[in-house]
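**Q** Sequence:
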Amino acid sequence: MNLQKFTLRSQEAIQTAQEIALNYNNQALEPVHLFAALIQDEDSLVVEILKKLEVNLSRLKIKVNELLEALPKISGYAGNLYLSPSLNEVFDTAFKEAKTMHDEYVSVEHLLLALISVKSNIADLLRSYNVTRDDVLKILKEIRGGQRVTDQSPEEKYQALRRYGRILNDEVREGKLDPVIGREEEIRRVLQVLSRRTKNNPVLIGEPGVGKTAIVEGIAQMIVAGDVPDNLKNKIVVMLDMGALVAGTQYRGQFEERLKAVIKEVVDSEGQIILFIDEIHTLIGAGATQGSMDAANILKPALARGELRCIGATT
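For the sequence shown, numbering that gives the first Met the number 0 assigns the number 0 to the initial residue and increments by one for each residue that follows.
Please keep in mind that the hints were generated in silico from the structure rather than gathered at the bench. Since this is a predicted model, take the numbers as computed values, not measurements. Among the clues, some could well be false.
Said to hold, decoys possible - Capping the alpha-carbon separation at 25 Å, the derived lysine-lysine pairs in BS3-like fashion look like this:
{"no.": "1", "residue 1": "K95", "residue 2": "K137"}
{"no.": "2", "residue 1": "K175", "residue 2": "K234"}
{"no.": "3", "residue 1": "K263", "residue 2": "K140"}
To be verified - Label-pair ranges, simulated between beta-carbon atoms:
{"no.": "4", "residue 1": "D169", "residue 2": "N24", "range": "43 to 53 Å"}
{"no.": "5", "residue 1": "V266", "residue 2": "E18", "range": "19 to 29 Å"}
{"no.": "6", "residue 1": "K72", "residue 2": "E278", "range": "54 to 64 Å"}
{"no.": "7", "residue 1": "L136", "residue 2": "Q14", "range": "54 to 64 Å"}
{"no.": "8", "residue 1": "D133", "residue 2": "V192", "range": "15 to 25 Å"}
{"no.": "9", "residue 1": "D169", "residue 2": "I73", "range": "44 to 54 Å"}
{"no.": "10", "residue 1": "D229", "residue 2": "R58", "range": "42 to 52 Å"}
Don't be surprised by glycine CBs; every beta carbon is placed ideally from N, CA and C.
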């Protein structure tokens, strides 16, 4: 089994599965160890899929622990772990799933699909929670869109806007934003610019603390209330978090990939999403290591073609 053909998250899951097996004094690495590792990480794609399928995760974890306790234990020196035939079959099926989905690497979603398909106590457990292959594929299509796994960290590009941005419309509905008072004229002017067919990307310039971000929050409130021109009704305002976008990008090209994933989601929405970039001056030079493009140059083509509707704010 070539671990280089697995994504980083999959490799971590296999490593964790081995640790779980050793902790329980098991000699064979079983599908239950792999599944326990996959649901251990709260931020993993597998957990997100199961949550969307309304699976009670705390009860599921208790059941998985019961299955782990029931496995045969070895006292004393356990020696080397070996792959059980059923887990071997899971890995073979995961490779086939990746091939079917035209993916270059085996990701955690392929492992989940394989665990559902291959006959084992985990497949029975998932069936008891009404988790089927078709349901998982449906959720995957929603999360991944049309994206394929072409590198070892594909999760960073899934639902990039939710990962690296705040959806202001949702915050308005949840009552997290305060009402905006005394900025009606500025809000009206921004709405006017946004309503143009071309050159519809306003930039808010002002001293720190005068309420530039508040204007955009006010626009989000007006959109939710339906108090906007027809061409702006039902639009979604997303505030890009530059800190989250840059954080953890160790290697050259990682930042650019994340930003391109964000831009792709905005462009694919066909005008439904309005991107708000606070402190837009930070784009100049952001992510630029030696010989790579900075964020401003990546944004420029989509802005010039009018595919990206954006509001900037800067001092």
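**Q** None of the hints should be skipped; say for each whether it holds.
**A** Taking the hints in turn, this is what the structure says about them:
1. Between the alpha carbons of K95 and K137 the distance comes to roughly 18 Å, so the proposed pair stays at or under 25 Å and holds.
2. Note on K175 and K234: the hinted pairing holds, with a Cα-Cα distance of about 19 Å set against a maximum of 25 Å.
3. Restraint check: the Cα-Cα separation between K263 and K140 comes to about 16 Å, which is no more than 25 Å; the hinted pair holds.
4. A C-beta distance of roughly 46 Å is found between D169 and N24, which places it inside the suggested range of 43 to 53 Å.
5. At roughly 42 Å, the beta-carbon separation of V266 and E18 lies outside the given 19 to 29 Å, and the hint is violated.
6. Distance hint for K72 and E278: a CB-CB separation of about 56 Å, consistent with the stated range 54 to 64 Å.
7. The beta-carbon spacing between L136 and Q14, approximately 27 Å, falls outside the hinted interval of 54 to 64 Å.
8. Look at D133 against V192: about 45 Å separates their beta carbons, and that is not inside 15 to 25 Å.
9. With their beta carbons about 51 Å apart, D169 and I73 fall inside the hinted range of 44 to 54 Å.
10. A hinted range of 42 to 52 Å for the beta carbons of D229 and R58 is consistent with their spacing of about 47 Å.
Hint violations for this structure: numbers 5, 7, 8, all remaining hints satisfied.
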